[in-house]
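One line per chain: the protein sequences are A, B and C, in this order.
Okay, so the first sequence: first residue is 1 according to UniProt numbering, each after it adds one.
Okay, so the second sequence: first residue is 1 according to UniProt numbering, each after it adds one.
Okay, so the third sequence: first residue is 1 according to UniProt numbering, each after it adds one.
None of these hints come from the bench; they were simulated from the model.
Take the hints with a grain of salt, since some may be wrong.
Intra- or inter-copy, both count: the list cannot distinguish identical chains.
Keeping only pairs whose Cα atoms sit at most 20 Å apart, straight-line, the calculated EDC-like set for lysine to aspartate or glutamate is [claimed, not checked]:
(1) 404 x 285
(2) 66 x 9
(3) 66 x 54
(4) 83 x 99
(5) 586 x 474
(6) 462 x 562
(7) 66 x 262
(8) 43 x 474
(9) 310 x 555
(10) 66 x 624
(11) 66 x 158
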Amino acid sequence: MLGVCYYPEHWPEQIWARDAQRMRDLGLTYVRIGEFAWGRLEKSEGQFTWEWMDRAIDTLGEAGLKVVLGTPTATPPKWLCEKYPDILPVDTHTGQRRDFGSRRHYDFSSETYLVQAERISAAMAQRYGSHLHVAGWQTDNELCCHDTTQSASPAARDAFRIWCAERYGTVEALNAAWGNVFWSMEYDSFDQIELPFFTVCETNPAHRLAFRRFASDQVVRFHDVMIAAIRAHAGEGQWVTHNIIPPATTGVDNAGLTRGLDFVSYDNYPLGFSDQLMARAPASDWQPFMRTGHPDLAALNFDSVRGLSKGAWWVMEQQPGPVNWAPHNPRPAPGMIRHWTLQAFAHGAACVAYFRWRQVPFAQEQMHAGLLRPDDQRAPAWPEVEQVVREMALLGDLSAVSEKAPVALLVDPASAWVDDIERQGAGYRYPAVVFQYYGALRALGLDVDILPAGDVPLDGYKLIVAPTLAMPDETTVGTLRASDGLLLFGPRSGAKTQEFSISDGLPPGPLREFVPVKVIAVETLRPDCTGGLHYQGEHFESGRWRETIEAGDTEIVATYEDGAPAAIRSGRSTYIATLTDDAFLKSVLVRLCAEANIPVTPLPPTLRLRRRGDLSFAFNLSDESTHAPASEDAEFVIGGRQIEPFGVAVWRSAAI
Amino acid sequence: MLGVCYYPEHWPEQIWARDAQRMRDLGLTYVRIGEFAWGRLEKSEGQFTWEWMDRAIDTLGEAGLKVVLGTPTATPPKWLCEKYPDILPVDTHTGQRRDFGSRRHYDFSSETYLVQAERISAAMAQRYGSHLHVAGWQTDNELCCHDTTQSASPAARDAFRIWCAERYGTVEALNAAWGNVFWSMEYDSFDQIELPFFTVCETNPAHRLAFRRFASDQVVRFHDVMIAAIRAHAGEGQWVTHNIIPPATTGVDNAGLTRGLDFVSYDNYPLGFSDQLMARAPASDWQPFMRTGHPDLAALNFDSVRGLSKGAWWVMEQQPGPVNWAPHNPRPAPGMIRHWTLQAFAHGAACVAYFRWRQVPFAQEQMHAGLLRPDDQRAPAWPEVEQVVREMALLGDLSAVSEKAPVALLVDPASAWVDDIERQGAGYRYPAVVFQYYGALRALGLDVDILPAGDVPLDGYKLIVAPTLAMPDETTVGTLRASDGLLLFGPRSGAKTQEFSISDGLPPGPLREFVPVKVIAVETLRPDCTGGLHYQGEHFESGRWRETIEAGDTEIVATYEDGAPAAIRSGRSTYIATLTDDAFLKSVLVRLCAEANIPVTPLPPTLRLRRRGDLSFAFNLSDESTHAPASEDAEFVIGGRQIEPFGVAVWRSAAI
Amino acid sequence: MLGVCYYPEHWPEQIWARDAQRMRDLGLTYVRIGEFAWGRLEKSEGQFTWEWMDRAIDTLGEAGLKVVLGTPTATPPKWLCEKYPDILPVDTHTGQRRDFGSRRHYDFSSETYLVQAERISAAMAQRYGSHLHVAGWQTDNELCCHDTTQSASPAARDAFRIWCAERYGTVEALNAAWGNVFWSMEYDSFDQIELPFFTVCETNPAHRLAFRRFASDQVVRFHDVMIAAIRAHAGEGQWVTHNIIPPATTGVDNAGLTRGLDFVSYDNYPLGFSDQLMARAPASDWQPFMRTGHPDLAALNFDSVRGLSKGAWWVMEQQPGPVNWAPHNPRPAPGMIRHWTLQAFAHGAACVAYFRWRQVPFAQEQMHAGLLRPDDQRAPAWPEVEQVVREMALLGDLSAVSEKAPVALLVDPASAWVDDIERQGAGYRYPAVVFQYYGALRALGLDVDILPAGDVPLDGYKLIVAPTLAMPDETTVGTLRASDGLLLFGPRSGAKTQEFSISDGLPPGPLREFVPVKVIAVETLRPDCTGGLHYQGEHFESGRWRETIEAGDTEIVATYEDGAPAAIRSGRSTYIATLTDDAFLKSVLVRLCAEANIPVTPLPPTLRLRRRGDLSFAFNLSDESTHAPASEDAEFVIGGRQIEPFGVAVWRSAAI
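Model the full assembly from the supplied sequences, consistent with the hints where possible.
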């Protein structure tokens with residue numbers, strides 16, 4: 001299904017009905033509204049003005065659309081900020097208050113704001129919880145966007161002290177857990193604990209880890225209260241979702257954040273995110289993809305969100321043209337709106353909603369394209385959406401399809417925290433490590449389930465890849481133990497205890513039952529200064545992060561330039577003790593897939609595959625046509641054997 | 001005429017007379033003094049010590065020099081800052097007070113400072129308004145230098161609220177004008193409006209535009225009060241000027257700022273400004289010009305100031321050797337002091353004053369060269385000034401000459417504000433766009449009048465070039481309508497309404513009467529990732545900023561690589577919908593000039609031309625001699641047909 | 001002798017004895033403890049808990065080790081910061097308080113902290129001053145590290161005012177000395193003086209110089225009080241030292257700082273320091289040295305510390321493996337721990353202590369290697385230390401050896417302050433200039449004494465090199481006058497008076513008795529835009545900093561591309577008026593050494609020499625073996641004529 005994001009408050013009421021009719025005529029099912037409208041819904045505390053919203057919902061519903069109602073807690077209005085100035089967050093870099101005038105100007109630790117946000121959410125749910133046309137709810141909007149997970153406010157400090165007291169019980173236990181004897185950092189009471197900012201040099205990594213955990217917990221706590229406020233009044237059948245930004249960018253435990261939702265939504269901006277990702281890439285690498293996005297970036301986020309959602313998920317905002325917020329904002333290549341939409345469905349989406357209906361000519365996002373231009377004419381995306389509507393009918397009902405991919409890729413927030421906190425080498429960035437492993441899998445034509453490490457069962461996966469599991473907990477180790485596939489671990493795995501010490505008995509610590517080695521030293525290198533790697537008689541590159549390991553009784557699979565072990569095999573587990581070039585990763589994966597009986601299809605950079613049910617999707621990111629890697633018996637549902645530039649082909653067949 | 005900047009307070013009184021005599025002997029006419037001397041003129045509030053200034057003026061005047069008297073408001077003394085700490089400005093990036101200890105430490109919105117600055121200006125004018133030797137006045141010094149146009153002070157906030165109330169009348173009108181319904185940004189009263197700083201993410205562009213306008217208005221208001229304070233006491237014949245820095249750098253409406261002056265002055269530092277401009281240029285581009293300055297930069301500023309001054313203008317400070325403030329400070333190539341001086345006269349200057357008389361061995365500017373060295377010996381610039389004195393006699397009286405250039409280039413502060421506020425693509429920088437168009441014109445040997453868009457009549461120009469007019473107002477549209485030359489508009493023209501919305505009916509909005517197209521989308525690209533441009537059978541490059549246009553009934557002049565229109569012609573108007581390479585611009589301009597009957601002289605990068613009256617000036621920026629592009633009948637006044645390295649030739653002829 | 005740094009408070013008391021025995025078995029003599037243990041020694045003001053420290057010292061001493069006891073003033077505990085919050089420093093860039101949570105969180109101007117730090121130092125000295133096993137004391141730890149020399153605290157401001165009053169006597173004298181007449185910066189009283197931060201543009205360089213001097217004086221004052229507190233109680237034979245970081249990095253007068261010590265110690269981290277130094281070097285320059293360190297960097301610091309120490313000196317902390325704090329942290333090449341240790345002895349060290357005994361698994365430095373791994377096994381450094389122990393026995397007792405090098409290289413803090421304060425060209429950085437001269441000397445196989453300019457006698461040196469003496473005082477000029485070697489001065493020498501004005505009669509001011517020229521102008525160029533240099537019929541490069549000089553009666557030794565003098569000779573003095581390429585410097589030095597009868601041995605970048613007594617040491621930084629440049633009669637003590645990769649050879653001979 002398809003949808004769109006709409007802001008009735010931005011437009012004259014007389015055009016609502018026509019807008020609704022055009023949405024319906026285009027073939028859209030859902031329309032999201034309301035998520036920034038607090039100022040128009042409550043003029044001062046308790047003085048609600050629901051009437052216009054009533055009319056907007058009725059108008060949309062009467063046209064046959066289903067409404068997704070956003071609670072407006074991302075934008076507390078000015079009167080609220082003036083009445084309760086303690087809701088404002090504090091910048092952790094400058095110590096300055098972050099004021100009203102944009103959005104997300106609230107502190108997750110403000111008890112005042114928690115009450116206010118719960119109040120408006122509950123009031124809205126009370127009014128519309130039984131509304132016929134309201135299909136479901138979106139909490140807030142893009143939680144944690146704009147670097148808001150952490151705040152250096154007094155509210156955060158006070159709440160952190162309580163959080164510490166609850167976690168550690170006694171200050172002596174906290175001192176011991178953090179190793180505060182180092183540099184005379186011991187506290188005498190929880191009231192002495194400050195936030196880990198504004199010090200002379202680096203603070204204790206355990207201190208920072210605790211604050212990261214706390215900050216994540218505060219976001220989850222806030223969000224859970226919002227969900228509960230809605231559910232208390234939501235009618236039967238009304239679901240609750242939230243639209244997350246790329247899960248790797250917020251510093252939050254995404255599994256925790258989304259646990260209470262019916263399903264997870266994602267806001268998909270392939271060009272803007274890719275422009276940021278490849279900001280330092282040479283032009284020759286960037287130019288081919290500047291109007292398509294990096295071939296693996298949207299897919300990474302799709303697969304991540306599917307993993308969080310445990311099944312159906314939505315694209316709540318889909319880029320329909322140039323956006324306004326990246327350093328450079330190209331237009332999508334012709335056909336890419338259709339391409340991205342079909343790609344989302346190939347990766348399991350249940351609905352794709354475009355952001356936004358009509359480009360708004362004023363305020364911050366006036367340069368952000370819509371399905372309609374500001375002059376109410378159809379924007380270039382419009383015919384592509386029309387095409388998608390036609391094509392989705394050909395695909396049939398995919399909602400029941402939820403089979404597993406052959407490969408699971410494990411991610412966790414703790415590995416990102418470890419990397420952010422302990423920047424042992426500037427060339428190791430956890431998100432980039434995950435992206436490299438994911439890209440290597442995708443370049444082999446593999447479907448991948450990206451799963452949050454933890455209580456997610458891993459049985460049934462033929463290959464389980466953990467690019468890094470820096471701080472695996474007992475639960476994660478348990479799921480690995482209970483799994484039955486091949487295991488591949490990347491470097492830095494098992495590096496730390498839960499309190500940010502070096503793992504007992506050296507890394508990989510609790511993973512030693514799979515990888516019986518000891519990491520006795522780590523070296524980090526400048527990305528442009530690499531060493532060698534010998535594997536299967538071929539030469540590859542090792543760099544950025546290189547571990548010296550005692551390989552024990554394991555089988556040495558690859559060696560460094562000096563003959564020391566660089567990758568080992570033990571039972572069903574492989575451990576790669578270094579970051580490498582892409583070619584090495586692919587080479588290792590090809591052999592593991594062969595062993596695991598997973599067919600691979602090596603692909604050029606501009607072609608990607610994805611299966612859903614009995615359908616195979618091929619996505620051509622090139623400006624030239626290409627050949628679909630379909631078997632001879634393939635029955636094409638969309639497109640054909642020759643895929644047009646930026647095009648998509650979908651077929652049914654026994655094998656690819 | 002020539003002059004010099006002098007600081008009697010820096011030197012023992014006993015050498016003043018000898019200094020004055022040497023100035024006169026060198027052939028100087030004017031000497032500017034006083035503009036930083038507040039601390040020596042008023043020891044505490046109301047306790048004036050004019051006597052030394054009396055003696056200084058008398059000494060200079062008796063030697064036959066005319067004094068330009070600067071009011072010292074750029075440097076309020078310490079006692080004043082202690083007594084009235086609310087005069088200090090606040091940094092808009094950090095929120096920190098900007099303290100005493102350098103210069104320009106005052107807030108344009110401080111009513112206290114307005115009173116104090118008016119008081120010292122009036123007192124000075126009262127004392128010297130009828131002084132025989134005082135020819136005129138300079139207000140303050142380099143207003144807005146050091147990023148002082150904007151301040152985040154309480155004074156600025158309070159004044160901004162009043163300004164908003166005056167502009168919009170009701171807060172509802174302001175909310176509507178800014179589109180504050182977006183993100184629940186609506187205000188209930190003007191007292192709620194904060195400055196557009198220190199928020200979570202970007203503020204409303206309309207909010208920022210209003211603050212830019214307000215900040216510019218505050219500077220103009222301050223300056224107008226200073227001018228009035230002087231005029232109230234200045235004797236007949238005493239004129240008032242101000243020395244501006246490069247007009248593109250201050251964020252102020254320069255036309256407004258200079259409107260009350262008798263003429264405008266400019267501080268010309270070709271090497272320092274060029275080092276900053278070309279900081280990221282490859283060495284091969286920079287090295288040829290590191291000791292001459294970029295061939296078009298000083299000229300751009302000369303032509304801009306002439307446009308503001310509506311005729312005669314001054315160089316109030318001319319770099320006479322290495323300066324102290326750029327990242328790198330080369331010495332000028334031999335002959336460049338003479339070269340720059342003649343260049344200023346070629347571009348219409350009435351006087352060039354060197355900064356400074358003698359290099360001062362102490363304080364912030366001790367590494368800034370003068371006409372004399374710190375040891376009182378003649379610096380390398382001295383003989384070059386002697387040469388200029390001789391050569392100016394050959395040129396004759398140019399003061400009556402004020403004819404128009406064939407080409408007008410329109411600039412406006414609003415286009416710069418739009419660019420600063422809406423950085424839609426990092427590759428679009430308004431000053432760079434203006435500079436590229438100007439450079440293309442100059443490389444064709446054309447004289448250019450740079451005019452502030454607005455109430456300046458445009459009739460009589462054969463070609464009118466607007467590199468961008470992002471937010472043209474009714475007045476500007478009227479002058480364009482009343483003009484009779486060919487019109488050339490660059491991209492982003494007519495992009496916005498006066499309140500920073502997308503223009504009605506899409507861009508170019510109010511310019512559609514000239515350019516009947518619609519800009520339906522904008523894409524911005526990384527500068528190193530370009531697309532193609534087809535024009536007149538040749539291939540060029542389009543990049544950084546590319547608009548998709550509906551060309552309607554216009555003639556398509558150039559197309560993108562996909563055949564879509566990239567430049568159109570309608571009647572006398574040409575619209576280029578993208579930024580391009582230099583070659584394309586020159587190619588378009590050559591054809592337009594041919595159509596307009598403007599002769600062009602394509603020049604190498606190291607040669608530039610300029611006419612004044614019946615004189616043609618040629619400037620050789622190369623370290624090799626070159627041939628003057630003079631007609632056979634040319635009668636050389638300075639130099640000859642072969643121009644020496646870094647040299648100048650001047651001739652009279654019917655045609656070049 | 002060898003030692004190690006140990007933190008008994010980090011480990012269970014039951015393993016102390018075994019640790020001590022293993023240290024002794026390894027062949028270590030000294031063990032440093034205590035320098036961060038304040039929190040464990042004093043639980044609240046006056047409540048001391050010495051007992052564990054008593055037992056630790058006894059345990060170590062009974063194993064035959066000598067204890068170096070560090071006073072813990074680098075880490076005031078939390079209770080102290082809470083009781084006396086005025087001890088915390090203020091960041092000079094942001095104005096923000098630098099809080100508890102890491103280390104060095106105290107203000108050198110806090111009188112409160114001075115009292116507290118003296119109190120704990122005295123208490124510790126009182127308790128252990130007569131302890132049999134305590135050989136000596138280390139004050140604090142790495143004073144000024146983490147940019148702590150300057151603070152923008154109220155305490156600093158108040159103390160600075162007093163310091164100014166003491167230095168200048170009257171505010172009129174200060175105004176005159178600083179040239180405050182410029183920009184109306186004159187003060188009426190010392191109470192008006194603020195710190196030179198947070199102004200609109202640059203403050204008076206004389207103001208900044210005074211604050212730099214003051215800040216340095218505050219550090220020295222603090223340190224002298226600490227030394228005195230220890231000496232008041234220290235037993236006979238107990239010495240006092242301090243472990244400095246690279247002397248060029250702190251902005252402090254190192255000669256003053258170390259004057260009261262018995263000897264100076266240095267913390268040697270070749271890889272981390274080199275990674276920072278070469279952060280922007282191309283990979284081809286960096287990769288060969290990423291696991292050895294830059295060939296001249298450790299040597300530079302060794303020679304600097306020997307100069308400060310006036311004889312014996314220590315490495316108090318020697319990197320034993322990868323560290324944790326540089327942007328990239330490679331492992332040392334095999335053999336480098338031994339290599340660096342022998343190198344320190346070759347450069348005159350009396351003891352090398354490794355940091356640390358056992359890698360600590362928690363807190364900030366958990367990724368910093370030790371001699372033991374966190375799992376108590378021997379780290380890769382261990383066998384290298386065993387080798388050093390054996391080899392040191394072969395070298396014999398070097399303690400009496402203290403002969404002079406043939407070449408002295410003069411450095412001073414004022415030249416660094418001048419550079420920091422007056423960044424006339426981004427390509428001139430004083431530490432880099434010193435490093436270039438030092439590197440040229442070392443590449444010629446020369447031993448160099450690096451001496452602090454001032455009251456250090458220079459007689460007996462055959463060649464005295466001053467890469468820059470920007471602000472030479474009378475004492476320095478006197479030592480130069482009394483010297484009898486050839487003198488070589490680099491550019492910017494004699495540039496400034498003691499109060500940061502241009503030198504009287506132009507630079508080189510007081511050095512004109514050696515270099516009778518006048519620097520009439522300075523130009524600074526972009527590092528990639530160079531000019532030519534003619535010398536001895538060959539062509540070299542001149543760039544970054546180029547002075548125009550009046551050469552007077554001197555002999556012109558080298559000329560710029562335009563024939564102007566670039567280097568001159570007068571009597572025994574040579575002056576190079578520009579920064580140059582390395583080849584030119586070496587060429588000049590070869591000729592001067594020939595004249596001075598100093599034999600040179602031109603070396604490849606991967607080979608370095610150093611003599612101590614009758615021993616010659618050769619250090620091979622290459623991963624290939626190389627030939628030792630030993631004479632035929634050489635008698636090898638360590639290694640042989642063929643030096644293994646990363647190896648060392650030591651021999652006795654009459655000549656090399």
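Taking the hints in turn, this is what the structure says about them:
no.	hint	result
1	404 x 285	neither (33 Å within a copy, 49 Å between copies)
2	66 x 9	within (18 Å within a copy, 66 Å between copies)
3	66 x 54	within (14 Å within a copy, 77 Å between copies)
4	83 x 99	within (13 Å within a copy, 31 Å between copies)
5	586 x 474	neither (30 Å within a copy, 63 Å between copies)
6	462 x 562	neither (33 Å within a copy, 46 Å between copies)
7	66 x 262	within (17 Å within a copy, 67 Å between copies)
8	43 x 474	neither (50 Å within a copy, 37 Å between copies)
9	310 x 555	neither (36 Å within a copy, 56 Å between copies)
10	66 x 624	neither (39 Å within a copy, 74 Å between copies)
11	66 x 158	neither (43 Å within a copy, 47 Å between copies)
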